[in-house]
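As a plain string of letters, each chain reads:
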Amino acid sequence: MPTSPRSRITVAASLPLILLAGGCSYLSGDSQAADPESADCEDFQEWQGHEGTSVEVYASIRDEEGERMQRAWADFASCTGIDIQYEGSGEFEAQVQVKVDGGNAPDLAFFPQPGLLERFAESGDALPAPEGVQEKAEAGWSEDWLNYATVGDELYGTPLGANVKSFVWYSPGFFSDNGYEVPQTWDELIELSDAMADDGVKPWCAGIESGDATGWPATDWVENVMLRQNGPEVYDQWVEHEIPFDDDQVADAMERVDGILRNPDYVNGGHGEVQSIVTTSFQDAGLPILDDECGMYLMGSFYAAQWPEGTTVAEDGDAFAFNLPPINPDFGTPVMGGGEFVGAFADRPEVVAVQEYLATADYADRRAAEGAWFSAHQDLDLDTLESPTDRLGAEILRDSETVFRFDGSDNMPAAVGAGTFWRGMTNWINGDETAETLSYIEDSWPSS
Amino acid sequence: MGFSLLEELPKLLWLVIGVAAFTGVIGVLLLVVDRGPKTRRDWWQAAFFLGPAALLLLLGTVYPVVRTTALSFMGRSGDAWVGTANYVWMFTQPEILIVLRNTLLWVVFAPVLATTTGLVYAVLVDRSRFESVAKSLLFMPMAISFVGASIIWKFVYAFEPAGSDQIGVLNQVVVWLGGEPQQWLLNQPLNTLLLIAVLIWVQAGFAMVVLSAAIKAIPAEITEAARIDGASSPQLFWRITLPSVWPTVTVVLITISVQTLKVFDIVRTMTGGQFDTSVIANEMYNQAFRYGELGQGSALAVFLFVLVIPLVIMQMRSNRRAREQQ
Numbered sequence: 001m002p003t004s005p006r007s008r009i010t011v012a013a014s015l016p017l018i019l020l021a022g023g024c025s026y027l028s029g030d031s032q033a034a035d036p037e038s039a040d041c042e043d044f045q046e047w048q049g050h051e052g053t054s055v056e057v058y059a060s061i062r063d064e065e066g067e068r069m070q071r072a073w074a075d076f077a078s079c080t081g082i083d084i085q086y087e088g089s090g091e092f093e094a095q096v097q098v099k100v101d102g103g104n105a106p107d108l109a110f111f112p113q114p115g116l117l118e119r120f121a122e123s124g125d126a127l128p129a130p131e132g133v134q135e136k137a138e139a140g141w142s143e144d145w146l147n148y149a150t151v152g153d154e155l156y157g158t159p160l161g162a163n164v165k166s167f168v169w170y171s172p173g174f175f176s177d178n179g180y181e182v183p184q185t186w187d188e189l190i191e192l193s194d195a196m197a198d199d200g201v202k203p204w205c206a207g208i209e210s211g212d213a214t215g216w217p218a219t220d221w222v223e224n225v226m227l228r229q230n231g232p233e234v235y236d237q238w239v240e241h242e243i244p245f246d247d248d249q250v251a252d253a254m255e256r257v258d259g260i261l262r263n264p265d266y267v268n269g270g271h272g273e274v275q276s277i278v279t280t281s282f283q284d285a286g287l288p289i290l291d292d293e294c295g296m297y298l299m300g301s302f303y304a305a306q307w308p309e310g311t312t313v314a315e316d317g318d319a320f321a322f323n324l325p326p327i328n329p330d331f332g333t334p335v336m337g338g339g340e341f342v343g344a345f346a347d348r349p350e351v352v353a354v355q356e357y358l359a360t361a362d363y364a365d366r367r368a369a370e371g372a373w374f375s376a377h378q379d380l381d382l383d384t385l386e387s388p389t390d391r392l393g394a395e396i397l398r399d400s401e402t403v404f405r406f407d408g409s410d411n412m413p414a415a416v417g418a419g420t421f422w423r424g425m426t427n428w429i430n431g432d433e434t435a436e437t438l439s440y441i442e443d444s445w446p447s448s
Numbered sequence: 001m002g003f004s005l006l007e008e009l010p011k012l013l014w015l016v017i018g019v020a021a022f023t024g025v026i027g028v029l030l031l032v033v034d035r036g037p038k039t040r041r042d043w044w045q046a047a048f049f050l051g052p053a054a055l056l057l058l059l060g061t062v063y064p065v066v067r068t069t070a071l072s073f074m075g076r077s078g079d080a081w082v083g084t085a086n087y088v089w090m091f092t093q094p095e096i097l098i099v100l101r102n103t104l105l106w107v108v109f110a111p112v113l114a115t116t117t118g119l120v121y122a123v124l125v126d127r128s129r130f131e132s133v134a135k136s137l138l139f140m141p142m143a144i145s146f147v148g149a150s151i152i153w154k155f156v157y158a159f160e161p162a163g164s165d166q167i168g169v170l171n172q173v174v175v176w177l178g179g180e181p182q183q184w185l186l187n188q189p190l191n192t193l194l195l196i197a198v199l200i201w202v203q204a205g206f207a208m209v210v211l212s213a214a215i216k217a218i219p220a221e222i223t224e225a226a227r228i229d230g231a232s233s234p235q236l237f238w239r240i241t242l243p244s245v246w247p248t249v250t251v252v253l254i255t256i257s258v259q260t261l262k263v264f265d266i267v268r269t270m271t272g273g274q275f276d277t278s279v280i281a282n283e284m285y286n287q288a289f290r291y292g293e294l295g296q297g298s299a300l301a302v303f304l305f306v307l308v309i310p311l312v313i314m315q316m317r318s319n320r321r322a323r324e325q326q
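Those protein sequence lines, which keep their order, are chains A and B. For the first sequence, position 348 (counting from the first letter as 1) is numbered 348 according to full-length UniProt numbering, and the numbering increases by one without interruption. For the second sequence, position 244 (counting from the first letter as 1) is numbered 244 according to full-length UniProt numbering, and the numbering increases by one without interruption.
Mixed in with the good hints there might be a few duds.
[What the hints assert, rightly or not] Calculated cross-link-like contacts (lysine-lysine; reagent style BS3-like; alpha-carbon spacing at most 30 Å):
# : chain 1 : residue 1 : chain 2 : residue 2
1 : A       : 99        : B       : 262
2 : B       : 216       : B       : 135
3 : B       : 262       : B       : 135
4 : B       : 11        : B       : 38
5 : A       : 99        : A       : 136
6 : A       : 99        : B       : 38
It should be emphasised that the hints constitute simulated quantities derived from the structure, not laboratory data. Values in this document were obtained by computation on a predicted structure and should not be read as measured data.
Work out the full structure: start from the sequences and follow the hints.
Below, the structure written as structure tokens:
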């Protein structure tokens with residue numbers, strides 16, 4: 001060991017430098033890449049030649065779902081040499097704003113709410129889809145879907161996954177044992193509910209607790225009924241705020257929801273009184289169906305993942321779903337749903353390549369093959385969909401009879417769609433008056 | 001998904017790099033200061049050591065304050081002036097008025113109750129046989145984060161329908177006494193008070209420890225003299241103990257008040273601000289980040305800042321006074 005003070009200082013000063021240099025060179029090390037010429041890479045020839053580049057992707061998809069998604073694009077990444085750095089966050093909606101404001105925007109973000117994408121499009125942070133992406137998107141999705149990501153005349157995003165939020169989950173065994181049938185009209189639905197109530201079973205399960213986002217399952221109820229009762233045109237006007245939120249037509253829809261969600265004879269199977277809806281998490285809410293403690297549960301197609309292990313989800317299994325029946329036959333078969341949209345904050349060639357690839361049927365098929373997912377892509381191979389509810393959802397979305405509308409609260413300004421609408425519905429189930437709730441939400445609509 | 005050391009290696013390496021870079025910078029700084037001119041050495045040293053801190057303070061505190069204040073007079077995306085509209089909104093929206101009322105409830109009840117609990121406890125266990133054990137019991141919650149404490153209390157308040165097994169302590173007690181289980185967190189303003197209980201649970205230990213030290217610092221001669229004069233225990237407390245520890249009580253009160261004003265984690269974890277339990281800090285986050293209402297969020301932030309300032313000034317004053325007395 002050197003002993004003079006000077007040489008000690010030299011050692012002390014150089015040690016961090018050596019560590020720095022060594023560490024940096026380790027981190028910049030290249031990842032394993034597949035041979036671009038191999039047969040496995042044939043599907044990706046269009047996008048090759050980006051070795052050594054990386055693309056940052058930020059989204060709200062996490063855990064198992066996130067892993068499946070990354071497996072679905074793994075081959076693409078290794079064949080094209082693009083390192084896709086994925087980050088999923090439970091605070092996506094708030095943090096994406098922070099990242100963009102902080103000059104730290106991800107290259108690509110998957111927006112679960114078109115309204116949020118629109119906000120970034122209007123502020124000029126998100127970039128319009130380049131030509132190649134646009135072509136792929138137009139080939140893959142119906143106009144309805146592309147419209148949700150169109151701001152002005154420009155397309156700002158391509159759809160990714162999809163879900164159907166009009167599913168009514170039920171137990172086929174419980175239905176057949178008691179001679180219940182899947183209702184085709186709203187009147188039949190109410191008759192069925194009364195029959196169950198007469199048999200001493202609470203017909204409906206409900207739960208809207210979802211941490212920060214508590215209340216959203218209740219907004220789905222209102223949106224579904226709005227769409228069925230007043231038709232897609234009024235629904236669009238309502239979402240765009242061309243009619244006030246406390247319009248009579250909305251109040252009528254609320255009345256109908258009131259008859260189910262706040263009806264002590266109808267809810268809340270296996271959980272308690274009406275008020276228990278606000279404290280029951282939406283994940284737990286439907287489980288009493290398996291114990292025949294309630295008959296039906298309105299929840300998105302993604303609820304398939306919530307059933308405990310060993311539950312058969314099939315038309316003749318332990319649990320299955322039907323589309324919430326129409327109210328007014330004039331409006332066809334309405335379906336409400338949701339999905340993510342890929343928006344871009346950068347237009348480097350490798351970013352565009354990833355964007356293009358995510359819009360292809362090839363990606364959709366690969367993602368579907370990983371399980372528990374479907375999309376509204378018209379060329380998605382339905383045979384790759386393992387789960388019968390995924391297939392049902394994809395078929396409903398593809399059916400030309402279907403009147404599809406996106407989850408309305410996701411299209412409203414966030415202050416309403418992710419704020420007062422959720423909070424208002426929560427307080428409504430907790431006992432607030434309908435008129436009071438509607439005018440509370442109307443008053444909170446941002447003026448500019 | 002398990003923990004794989006190999007996969008985490010890059011992160012650990014970044015950590016090492018960070019620490020190394022930090023040590024490097026400090027090393028260079030020390031070297032430079034050491035080699036600096038010999039004249040006016042104090043001045044040099046002070047500038048070198050305070051400089052980085054002052055710069056960071058400017059960047060991390062002063063600049064945000066100025067920017068937030070400016071934003072609070074701007075529209076939702078922060079690009080057009082709207083005058084005082086955001087402040088008008090804040091004091092006219094029924095929803096925000098409830099938020100302000102809740103914050104007031106927090107600031108009135110939490111510090112006072114936490115300090116009182118701590119003080120009474122400190123007096124009661126003072127010089128008792130089990131003093132150290134009793135003190136550690138009350139102090140233990142201090143080691144738990146607000147989020148952790150909230151999760152614990154969520155279970156205390158948990159509700160199961162009548163007839164089924166209660167998993168919440170509070171409802172179990174109610175059932176044992178022959179009552180119906182309650183949804184504790186649904187009804188305002190009781191729910192806000194129940195949330196305040198969490199803060200008291202965490203902070204009472206802090207109050208107790210500080211106040212207990214103050215009580216022990218009261219000269220024995222004074223208490224003995226009072227005893228000889230025939231003072232009863234209550235008299236001893238009101239005439240001797242409380243006046244002697246009063247400066248400490250104010251310090252504790254103010255410290256907890258500042259904590260209370262920025263309370264965010266408890267509300268967010270337990271109710272998410274639902275059922276009319278939201279407070280300013282929570283609403284500010286919602287407005288600015290979740291709803292994209294930058295102006296309204298900033299106005300709430302500025303208001304919170306204005307509320308904290310007098311407390312901080314009081315705190316500094318009482319600190320200075322305490323130092324002068326020593």
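Regarding the pair residue 216 of chain B and residue 135 of chain B, is the alpha-carbon distance no greater than 30 Å? holds, 14 Å
Could you grab the alpha-carbon distance between residue 99 of chain A and residue 136 of chain A and see if it respects the 30 Å cut-off? holds, 28 Å
Are the Cα atoms of residue 99 of chain A and residue 38 of chain B separated by 30 Å or less? violated, 46 Å
Would the pair residue 11 of chain B and residue 38 of chain B pass a check requiring their Cα atoms to be no farther apart than 30 Å? violated, 43 Å
Residue 262 of chain B and residue 135 of chain B: Cα distance at most 30 Å? With Cα atoms ~27 Å apart, residue 262 of chain B and residue 135 of chain B stay inside 30 Å; holds.
Do the alpha carbons of residue 99 of chain A and residue 262 of chain B lie within 30 Å of each other, as the hint requires? Given that 30 Å is the threshold and the Cα spacing comes to 23 Å, the pair holds.
Of the numbered hints listed earlier, those contradicted by the structure are 4, 6.
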